[in-house]
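Undergrad: Chains as they are written, first to last, in our numbering: chain A, 1 to 107; chain B, 1 to 307.
Check each hint, because a few of them may be wrong.
If you want the footprint, here are the derived chain A segments under chain B, 3+ residues with CB under 8 Å [as the list claims (entries may be wrong)]:
#1 70 to 77
#2 80 to 89
Estimated spans, in silico, between C-beta atoms of each pair [claimed, not checked]:
#3 A:Lys62 x B:Gly250: 58 to 64 Å
#4 B:Pro221 x A:Ala55: 25 to 31 Å
#5 A:Arg50 x B:Leu192: 32 to 38 Å
#6 A:Ser100 x B:Val81: 36 to 42 Å
The hints are simulated quantities; they were obtained by calculation from the structure and are not laboratory data.
Glycine included, C-beta positions come from ideal geometry on N, C-alpha and C.
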Amino acid sequence: MTFRIHAIVLALVVAVLSTAAIAAGPSYRLEVNGLACPFCAYGIEKQLNRIEGVATIETDIKSGAVIVTMEDGQVLEESRASQAVDQAGFTLRDFEEIGSPAGAGAP
Amino acid sequence: MISHSHDGPFPFWLRAMVMSGALAPGMVQAGAQTFNTALPVAEGNFVFREQFLYRGASDDPSPADRDLSVSGAISVLGYGVTSDLTLFGALPYLDKELTLDGPGGQRLERGSHGIGDARLFARYTLFHDDAPGRTFRIAPFFGVETPTGDDHAADRFGRLPPPLQSGSGSWDPFGGLVLTYQTLDYELDAQLAYQANTEANGFAFGDVTRLDGAVQYRLWPRQLGGGVPGFLYGVLESNLIHRDNNEFDGKGDANSGGTQLFLSPGLQYVTRRWVVEGIVQLPVVQDLNGTALEDDVIVRAGFRVNF
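Between the sequences and the hints, there should be enough to build the whole structure, so can you do that?
TA: This is how it looks when you write it as structure tokens:
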């Protein structure tokens with residue numbers, strides 16, 4: 001009985017995580033020049049959050065990188081990312097898509 | 001001695017504390033605490049800064065044994081119109097108290113409290129050079145100190161002299177240039193500023209010229225990991241401030257004006273959304289005219305919020 005309950009819970013967790021992974025859209029790595037303090041990082045994150053379809057933003061101040069993950073079905077254009085970084089007062093050095101939704105593009 | 005003098009028993013710099021750049025806090029980004037910085041405010045973002053302060057002066061070269069204390073707070077709101085243009089408004093609230101020996105030897109006390117003169121100014125980033133983990137910026141700023149404070153306050157001895165009033169009654173333009181070089185490990189700021197004080201009620205405070213510098217060094221974390229950790233900075237700032245003589249009915253007051261140099265150690269903790277900070281300004285050189293009262297210490301502490 002206990003084994004069955006554990007199995008059901010595990011199955012539910014796997015199902016939820018799988019759904020979340022599938023629901024997430026592509027991720028992008030933005031390398032930003034000029035980012036050198038935590039207070040400034042907030043300005044960039046706020047500008048990027050104004051873009052429609054942005055799901056999560058993670059900043060790594062040491063490398064000056066900002067990882068932006070979009071919602072399912074949404075994409076981030078480089079020109080829009082550059083505009084947001086510029087509006088925050090900084091300079092976009094590099095833009096790269098680093099991940100796609102699970103299963104996307106699979107044969 | 002109290003009511004007829006316009007600056008004799010009242011320190012010339014009191015004016016600067018209330019209404020000029022000496023007490024005006026820096027801009028509201030992370031950066032220097034006693035003057036400005038050129039770091040950006042993102043377009044559409046607000047930053048708010050509250051700085052509490054105490055200033056004491058009791059080193060009196062005159063026989064009046066003057067003792068002055070000023071405490072209060074300065075509120076500053078900044079708004080990023082664009083990534084290059086930021087508008088600021090600063091409003092002080094100060095409680096000023098001066099005690100001194102009266103003509104009969106009795107101890108007298110005069111003072112005021114209330115909202116002072118608001119400062120409105122704009123800063124424009126003229127040049128910036130960004131690279132990985134560092135930025136260099138040059139930004140001129142211009143503004144005006146507006147006569148929002150009461151300049152007709154009186155006590156039982158009569159109308160308070162201009163330096164003890166909450167406001168000046170005059171419109172005083174100011175401007176300057178600030179340079180900032182910031183890396184992940186440290187930040188350097190330098191500023192040159194000038195304020196032209198105009199006449200009101202027959203009195204004009206001396207114009208103020210100042211040269212400021214600041215260095216901030218990241219004390220913690222020593223090694224950066226991932227994410228955006230809070231930074232604890234050790235701070236050392238300096239302020240070289242020169243004030244011209246005050247003028248009463250067009251005549252210069254020999255007991256006002258002069259030059260001061262402050263050195264100021266402090267700490268600042270910076271996160272994404274807020275900053276807490278404190279600094280102690282110590283006068284190391286005071287070449288003041290006549291019987292102008294010398295500073296003992298200025299203490300500032302406060303916070304900033306990003307939204």
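Undergrad: Against this structure, judge whether each hint is valid.
TA: Each hint, compared with the structure:
no.: 1; hint: 70 to 77; in the structure: violated (count 0)
no.: 2; hint: 80 to 89; in the structure: holds (count 4)
no.: 3; hint: A:Lys62 x B:Gly250: 58 to 64 Å; in the structure: holds, 60 Å
no.: 4; hint: B:Pro221 x A:Ala55: 25 to 31 Å; in the structure: holds, 29 Å
no.: 5; hint: A:Arg50 x B:Leu192: 32 to 38 Å; in the structure: holds, 36 Å
no.: 6; hint: A:Ser100 x B:Val81: 36 to 42 Å; in the structure: holds, 38 Å
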